[in-house]
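Trainee: One letter stands for each residue in the lines below.
Number of protein chains: 2
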Amino acid sequence: MLPNPKLNLSGERFAVIYRIAGATEEEARQKAFDVAVEQTVEFPYELTPPAIQEAIVGRIEDAQPAGDGRWLFRISYAVESAGGELLQLLNVIFGNSSIKPGIRVESLELPDTILSLFPGPRFGVAGLREYLGVPTRPLLCTALKPQGLSADQLADLAYQFAVGGIDIIKDDHGLADQVTSPYIDRVAKCAEAVDRANRETGRKAIYMPNVTAPADRILRYGRLARELGAGGLLVSPGLAGFDSMRMLAEDDQIALPIMSHPAFLGPFVTHADNGISHFALFGQIMRLAGADATVYPNWGGRFSFAKAECAAIAAGSRVSMGSLKPIFPAPGGGMSLDRVPRMYEVYGQDVIFLIGGGLFKQGPDLVANCRTFLGMIS
Amino acid sequence: MLPNPKLNLSGERFAVIYRIAGATEEEARQKAFDVAVEQTVEFPYELTPPAIQEAIVGRIEDAQPAGDGRWLFRISYAVESAGGELLQLLNVIFGNSSIKPGIRVESLELPDTILSLFPGPRFGVAGLREYLGVPTRPLLCTALKPQGLSADQLADLAYQFAVGGIDIIKDDHGLADQVTSPYIDRVAKCAEAVDRANRETGRKAIYMPNVTAPADRILRYGRLARELGAGGLLVSPGLAGFDSMRMLAEDDQIALPIMSHPAFLGPFVTHADNGISHFALFGQIMRLAGADATVYPNWGGRFSFAKAECAAIAAGSRVSMGSLKPIFPAPGGGMSLDRVPRMYEVYGQDVIFLIGGGLFKQGPDLVANCRTFLGMIS
Chain S
1 MLPNPKLNLS GERFAVIYRI AGATEEEARQ KAFDVAVEQT VEFPYELTPP
51 AIQEAIVGRI EDAQPAGDGR WLFRISYAVE SAGGELLQLL NVIFGNSSIK
101 PGIRVESLEL PDTILSLFPG PRFGVAGLRE YLGVPTRPLL CTALKPQGLS
151 ADQLADLAYQ FAVGGIDIIK DDHGLADQVT SPYIDRVAKC AEAVDRANRE
201 TGRKAIYMPN VTAPADRILR YGRLARELGA GGLLVSPGLA GFDSMRMLAE
251 DDQIALPIMS HPAFLGPFVT HADNGISHFA LFGQIMRLAG ADATVYPNWG
301 GRFSFAKAEC AAIAAGSRVS MGSLKPIFPA PGGGMSLDRV PRMYEVYGQD
351 VIFLIGGGLF KQGPDLVANC RTFLGMIS
Chain W
1 MLPNPKLNLS GERFAVIYRI AGATEEEARQ KAFDVAVEQT VEFPYELTPP
51 AIQEAIVGRI EDAQPAGDGR WLFRISYAVE SAGGELLQLL NVIFGNSSIK
101 PGIRVESLEL PDTILSLFPG PRFGVAGLRE YLGVPTRPLL CTALKPQGLS
151 ADQLADLAYQ FAVGGIDIIK DDHGLADQVT SPYIDRVAKC AEAVDRANRE
201 TGRKAIYMPN VTAPADRILR YGRLARELGA GGLLVSPGLA GFDSMRMLAE
251 DDQIALPIMS HPAFLGPFVT HADNGISHFA LFGQIMRLAG ADATVYPNWG
301 GRFSFAKAEC AAIAAGSRVS MGSLKPIFPA PGGGMSLDRV PRMYEVYGQD
351 VIFLIGGGLF KQGPDLVANC RTFLGMIS
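Protein chains in written order, with our numbering: chain S, 1 to 378; chain W, 1 to 378.
Next up, chain S with everything else stripped away, as it sits in the complex (with noise of 0.2 Å):
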């Protein structure tokens, strides 16, 4: 009933693991064959045209155990089904599928053909030490918060902050443009206020305010923070859609570092038998979307992350992505001073630590604790 279409495509796939649970192995087969047809047709595979079975049907390269009743199967997709675009490339990796219990995205094997249409981070661990002149301890970071106080209180704590040491102030996720602080009012005095601090200091402190702004308005919000002085981006993927923070990474007139925040994707990553790796959705594809640094939750605090899952992060932020740089994790979500040692251990020189509310558990002198907090690692 369909024609059978000419296609003329490159023959170049990508891949995906999944992590696929079942009753059996055929069981699982079964379902990885769901997901081959259901991630590119999405039709009867026996109603589907042969050319495009063939070409555009996902690929079963793979299988192997995992134990548990779980296997990790490999499917492969023409590269031309992700079109060129980061948003169908998701599409492709987990769109419909994710709707289907038991299916877990594990990690990508991405082509130079697919890396090399995405920048990614502009910076990576390289550029943001240089653009800092840190050339090898940790970064430091933390939040300007609670929401509620005034732009001028604000920029008075980043001041604090940056005297004391701090390399990357930023925005909590929370503040947004609202009334106690609207975004421009906070962007303008936060960015003079570190970088009267940095005339004093001789150092070089950022500050990043939150552009998880409205779709008409982001790109307009990333350039003009940069205009008012702003030294990075903050970006909520989960709320503002991972191209938005691709876009923002791109544009050459911010060609400012960008975080990213894992703001609104809890769910992707809360089941083992669900959703996407940590290592695949705060490693592999916030640096796709063109992250220099991603924040995430650390284990022992707040949160409920394992130390493996955040080792898993840390991985897929360094792990080869052609010419995708590699990224700070940037560990968070309650942290303490006490914890920086053996954080320090386990995540080597390459990581931001990111210390909030804690920063001010230390003591009623915000400078002297930063100077604290900086005196552990160096």
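Be a bit skeptical, because a hint or two may be false.
For chains that are exact copies, the list does not tell them apart, and a pair is met inside one copy or across any two.
Quick list of in silico lysine-lysine cross-link-like pairs, DSBU-like style, CA-CA up to 30 Å [said to hold, decoys possible]:
(1) K6 to K361
(2) K307 to K100
(3) K361 to K325
(4) K325 to K307
(5) K6 to K307
Worth flagging that the hints you see were computed from the coordinates, not collected in a lab. Model, not experiment: these values are computed from the prediction.
Since the structure of chain S is already known, use the hints to place chain W on it.
Mentor: Showing chain W alone in chain S's frame:
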């Protein structure tokens, strides 16, 4: 250590009902309090300035046992926390708490102050019926696929569907801007094919291309679709972001009905103890973000939604939300013609029946299959 700001807020609140798991009510209440803090100040409560504790931190307004070690907590937030933006509203509702297991968003209670910021669906049920000239019966929808067919071949399918009496002919959500059927070429040809069929039949079918496009192109592609004769737009907000869909819905140059697709949103509804309820995600939030119809997998198809979950989506599509119009539930995902009578019974008249591959399985004559489909509900 922190100044106590002078807050001049309206005192108006919006509320979220969370379903929270706990070994005891006390444990669940502690988790609810953590949500109230996490979703607002994300700061040690005891160090939060009193004015912010009072006005900004979420307030537990009510708690009800929900059986099986689950409680429903109603937490209210200052309307100012949402900053008048959809993404920040979603961020307050569930940003960081999405990363904590055992917390699910059940439903939203939004006052007119917030609802009036979001026009929501431009057409809604009544508007879409008027636009299509179908006053009472369920609407019929199908999808152009499989990926791999050329624009001409897809246009030929669109023509047959329109002649056969389908109301809404949408792109499969896997059609993007691939070389096999590039966006502009496909939209022009499919819109023309449907228009030609309409002139022959005297009916009004519409073509809805998929505009889940890159962030720097999505608005332009939406407008281009309108110029090329498309009658609506398909968007996957799980990929493009909810605010991109809102932007398309609000754009007066586009002014077309919008259908939302659930791609990439599966993990939010996979586990009853996490994520967002079907009611809130596919009903309330899709409406807030401007969808006129919400696509989701019906029970009994290729996916795993239960009948009660589908009924909850239908309820969320029409529950009172101030001036926001009710919208169409559009169940699909492996539906076949023989299931139409039972679905009709459950959903009533105000539903869009979405049948894709099932239309092809019926027999070799697509036009005849469409007429059978139409005959079942007229």
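Trainee: Hint by hint, note whether the structure agrees.
Mentor: Tested hints:
1. Taking the shortest Cα distances, K6 and K361 sit within 30 Å of each other only across copies (23 Å), while inside one copy they are farther apart (66 Å).
2. In this assembly of identical chains, the alpha carbons of K307 and K100 lie at most 30 Å apart whether taken from the same copy (27 Å) or from different copies (16 Å).
3. Taking the closest pair of Cα atoms, K361 and K325 never come within 30 Å of each other, the shortest separation being 35 Å inside a single copy and 48 Å across copies.
4. When the C-alpha separation of K325 and K307 is checked against a cutoff of 30 Å, the pair qualifies only within one copy, where the shortest distance is 24 Å, while the shortest distance between copies is 47 Å.
5. Taking the shortest Cα distances, K6 and K307 never come within 30 Å of each other, neither inside one copy (50 Å) nor across copies (41 Å).
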